[in-house]
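> Line by line, the protein sequences are chains A and B. Heads up: the first sequence begins at 1 in my numbering, then just goes up one per residue. Heads up: the second sequence begins at 1 in my numbering, then just goes up one per residue.
Any given hint could turn out to be false.
The list treats identical chains as interchangeable, and a pair is accepted whether it falls inside one copy or across any two copies.
[Said to hold, decoys possible] Straight-line Cα separation of at most 30 Å, BS3-like style, residue types lysine-lysine; simulated pairs:
| hint | residue 1 | residue 2 |
| --- | --- | --- |
| 1 | K119 | K97 |
| 2 | K95 | K82 |
| 3 | K53 | K97 |
| 4 | K119 | K53 |
| 5 | K30 | K98 |
| 6 | K82 | K53 |
| 7 | K50 | K30 |
| 8 | K137 | K102 |
Hints listed in this document are in silico derivations from the structure and should not be mistaken for laboratory results.
There are 2 protein chains.
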Amino acid sequence: MPNPITADRRHYEDISIGESIALGPRKITKRDIIAFASEFDPFPFHLDEKAAKQSLLGGLAASGWQTGALSLRMLVDEFLSKIASMGGLGFTNLKWKKPVMKNDTISGTATITSLRRSKTHPEMAIITIALDMRNQKGQQVMTLNLANLVEVRNPGAPIPEDAHEELAL
Amino acid sequence: MPNPITADRRHYEDISIGESIALGPRKITKRDIIAFASEFDPFPFHLDEKAAKQSLLGGLAASGWQTGALSLRMLVDEFLSKIASMGGLGFTNLKWKKPVMKNDTISGTATITSLRRSKTHPEMAIITIALDMRNQKGQQVMTLNLANLVEVRNPGAPIPEDAHEELAL
Numbered sequence: 001m002p003n004p005i006t007a008d009r010r011h012y013e014d015i016s017i018g019e020s021i022a023l024g025p026r027k028i029t030k031r032d033i034i035a036f037a038s039e040f041d042p043f044p045f046h047l048d049e050k051a052a053k054q055s056l057l058g059g060l061a062a063s064g065w066q067t068g069a070l071s072l073r074m075l076v077d078e079f080l081s082k083i084a085s086m087g088g089l090g091f092t093n094l095k096w097k098k099p100v101m102k103n104d105t106i107s108g109t110a111t112i113t114s115l116r117r118s119k120t121h122p123e124m125a126i127i128t129i130a131l132d133m134r135n136q137k138g139q140q141v142m143t144l145n146l147a148n149l150v151e152v153r154n155p156g157a158p159i160p161e162d163a164h165e166e167l168a169l
Numbered sequence: 001m002p003n004p005i006t007a008d009r010r011h012y013e014d015i016s017i018g019e020s021i022a023l024g025p026r027k028i029t030k031r032d033i034i035a036f037a038s039e040f041d042p043f044p045f046h047l048d049e050k051a052a053k054q055s056l057l058g059g060l061a062a063s064g065w066q067t068g069a070l071s072l073r074m075l076v077d078e079f080l081s082k083i084a085s086m087g088g089l090g091f092t093n094l095k096w097k098k099p100v101m102k103n104d105t106i107s108g109t110a111t112i113t114s115l116r117r118s119k120t121h122p123e124m125a126i127i128t129i130a131l132d133m134r135n136q137k138g139q140q141v142m143t144l145n146l147a148n149l150v151e152v153r154n155p156g157a158p159i160p161e162d163a164h165e166e167l168a169l
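One chain only, chain A, in its complex shape:
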């Protein structure tokens, strides 16, 4: 029986490899940076302007995990909340290319890089997404590749040969 919550959302069958989605923009304030860092990443260069100026980062910079979490939020808003998502599996190759500084505005692009049925769970497919996040100057600040589960609308349809062996990333 179709899931009533996700019935109207895009399923495996409605998504294409190569599709790309614009994310953001979102400005990161001093207040945002300090609030997140106080909870999760309490380093002087994320909490204190003076200490930050003396650090390698050269000024108050967001925790890289905050850039990650904010990018996730953009991906939820623009894509994951519109598909019949069943949750995330993990991600890989997360690289912080440049610090996100106070008052930077980040935006990005999510690109569907693969989409495959699960061999073991016919009702599930695995979608992989590449994120390319940039600051207001167009400079890359973070890249990562993420894997997520999405519902298959017609689980009875034959599973292609190239389906995943298992759900692991």
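With chain A's structure known, arrange chain B on it following the hints.
Then chain B, alone, in the frame of chain A:
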């Protein structure tokens, strides 16, 4: 000139490959889960108990990114704040093995998996750390590998042959 903030902390020279550090424990409450998800990962299975019961997760579960951010906080408390850290480079192979459910307690182990001087920046070294996070039953909930910069106390010392070519992960 030595950095006065980090002079007393452990440097490259004081850290060994294979060293392991206990992380946590930390209990995750319903309130923690909803607060984080509201900001970064607003899915019904992270926000609402009823919806969560009908989802693949089977109950209210923390955003996987929250497990990541809380693990980072543990790593800062137990290790990164005690070394002359110069910031993170990124991480890879993040896998969510099992959901973290309401009132689960997570703890873990961080293991130093590599430690190398930078070839291009004699004052920096790259340390890689494997995180193994578990719930109160000892079940693995998340693993990941992380790369961080650490200061070299004696940058004039010869750089070994196996030093990193560059700072990229």
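> So, for every hint listed, does it hold in this structure?
How the hints compare with the structure:
Proximity of K119 to K97 under the C-alpha cut-off of 30 Å is restricted to the inter-copy arrangement: shortest distance 19 Å between copies versus 36 Å within a copy. Taking identical chains as interchangeable, the C-alpha atoms of K95 and K82 lie at most 30 Å apart whether they share a chain (27 Å) or sit on different chains (23 Å). With identical chains, the CA atoms of K53 and K97 are at most 30 Å apart within one copy only, with a shortest distance of 19 Å there and 39 Å across copies. With identical chains, the CA atoms of K119 and K53 are at most 30 Å apart between copies only, with a shortest distance of 25 Å across copies and 52 Å within one.
For a Cα distance limit of 30 Å, the shortest separation of K30 from K98 inside one copy, 17 Å, qualifies, whereas the shortest one across copies, 35 Å, does not. Only between protomers do K82 and K53 lie at most 30 Å apart by alpha-carbon distance; the minimum there is 20 Å, versus 41 Å within a single protomer. In this homomeric assembly, K50 and K30 come within 30 Å of each other (Cα to Cα) only inside a single copy, at 13 Å, whereas the closest approach across copies is 36 Å. Proximity of K137 to K102 under the C-alpha cut-off of 30 Å is restricted to the intra-copy arrangement: shortest distance 14 Å within a copy versus 41 Å between copies.
Violated hints are absent here; each numbered hint is respected by the structure.
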